[in-house]
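**Student:** Protein sequences, first through last, are from chains A and B.
If you're matching positions, the first sequence starts at 1 in the numbering used here and goes up one per residue.
If you're matching positions, the second sequence starts at 1 in the numbering used here and goes up one per residue.
Please note: incorrect hints may appear among the correct ones.
Partial pick of chain B residues on the chain A-facing surface, computed with a CB cut under 8 angstroms [said to hold, decoys possible]:
hint, residue
1, R32
2, M37
3, H40
4, V43
5, A44
6, S59
7, V64
8, E73
9, A76
10, S77
11, S78
12, G80
13, R86
14, L87
15, S92
BS3-like cross-link-like pairs, simulated, lysine-lysine; straight-line CA separation at most 27 angstroms [what the hints assert, rightly or not]:
hint, chain 1, residue 1, chain 2, residue 2
16, A, K131, A, K461
17, B, K46, A, K396
18, A, K474, A, K461
19, B, K48, A, K221
20, A, K429, A, K44
21, B, K46, A, K229
22, A, K370, A, K131
23, A, K221, B, K46
Since the hints were made in silico from the structure, they are not lab data.
Even glycine gets a Cβ: it sits at the ideal position worked out from N, Cα and C.
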Amino acid sequence: MINRRDFLWQSGGGLGGIALSSLLGGEAQGGGVLQEAHHQPKAKRVIQLFMAGAASHLDLFDYKPELVKRHGEKSDFGEHVEAFQNGLGPWKKPVWDFGPYGSCGKLLGETVSPLGEVVDEMAFIHNMTGKTGVHSQATYLQATGFDRPGFPGMGSWVSYGLGSLNDNLPTFVVLPDHRGYASNGPKNWASAFLPTVHQGTIIRPGTSEPITHLFPYKGAKYLTPQAEKDAGSLLGKLNREYAEQRVGDSRLEARIQSYELAARMQLAAPEALDLSREPDYIKSMYGLSPDGTKWAKEINWKEEADAFGRKCLSARRLLERGVKFVQIWSGNDNGFPRRNWDSHEDIEREHGPLSRGMAIGTAALIKDLKQRGMLEDTVILWTTEFGRMPSTQGSKGRDHNPHVFTNWLAGGGVRGGVTHGESDEWGYKPADRKNPTQVYDIHATILHLLGIDHEKLVFRKDSIDRRLTDVHGKVIQEILT
Amino acid sequence: MDALDCADPSLLVDKRSETTTSLQALAMLNNRFILRMAEHVAVALKGKDDPVGELIARSLGRPVRREERALLEDYASSHGMAALVRLVFNMSEFSYVD
């Protein structure tokens, strides 16, 4: 004779759990707050590529012939410039030559030429403007839509809206640079005032513990795999009985579901992150070198390509297995030797290897998603916290330029092979200073592609209906199909 | 600090959020501190007349129930006391006060 409780538990495990939670009422832990999309979505997944340190639009994506013409001449912006440091030297042309790529003929810098193969999928925005030239505020602004701490990352909002019920992996995954965090660290992907379940989960592909605590601490020899397994079942039974005696306390059901997801992650994550299952031609397309390759001391493109490519390939595998939002970081903190995009001293030295590595991995990712039929419902955003100055800093560097920078998008619902919004002739500010593009517009557009009206996805906090786009944001119709 | 929701000092809240995430579940199950402490408690209970009874009394503040005693003792005899203590640390009843 089997009781109802055990029947539900045994007949579906997690399914029984879900039925119970909907009976308990309210939003099931991990279920999206939106019962249905606001309109027909074009995409169901997002990849955000964040170049930490401020990538120079001028040397990668935004070709300025005026700088080539006037290279070495005293810079004159026609107005007073409040430099971040002292980067107001002579005009500096792009370090590398630009050439046309794709049917659209988009001009790309030589180091990012690997993206030439997929440039017809990309929509460029060269008139992004920010609010600050300080890394932490600017990174918060691009990551959370607010230039100060305390607000959820875009991935958290997407998780909050669309939910993650019944997945085997977290909804929002973050792949940090293996050398360290960018400015603000984990606060860039925090859930802030949203339920904690929506925070980004850090995954470090290629390490022995890709998710912290995925496996028991090795020193506890008393804990055998069978002990773990039996503990899982017994714990589930005891916790379920405890929750059933306290109907209405949704925390208890939430807790059960977290343990269930943890158990599913223990099974799913190792398989998802096992790149050895990929054929060699795929790994080499992403720029991976053989495992255990010894790297040179100086920053070099092969190492950058390997690091970035690993993250891109892992991202593809994670997205195939149900992850909805993957945020990949390139570049770390401000240590020396510099391994980030904040090239005050020498654009060529860091931007060269970082951009080539990024381009190889990203091109592979776009091609790979396309050949698997996933590009059409995956939105890809490339962003950075601000741009860099057209004038030289020192002899070889560029100072911060918060006034204009580049973003590009590709994938689900994005019109490829277009450029929306130009910068001025030096790449110093937007060409039309009254109509720049801001992060709110990017966020509104991405939410729109996911079937979400950015003005309607809200969370009430301190009497304000908070949203990702604050009180701003317009969907950029010009870059949509 | 990444795993457990370390209070964010930049947030003004009337009530601190209380959700369990899968990352916290993993931490409670697998973290070195938890596993070491489980061993220490097991050592402390060694030689007692009723180790399972005392474990429940000390951790949950109540007497062990008949049905659960059978389950817990069965688990302990298969996997040892330290593993059982780890399990008790992960019970909802251990984390939440009625």
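**Student:** Hint numbers the structure violates, sorted upward?
**Tutor:** Result: hints 2, 3, 4, 5, 6, 7, 8, 9, 10, 17, 20, 22 break, sorted rising.
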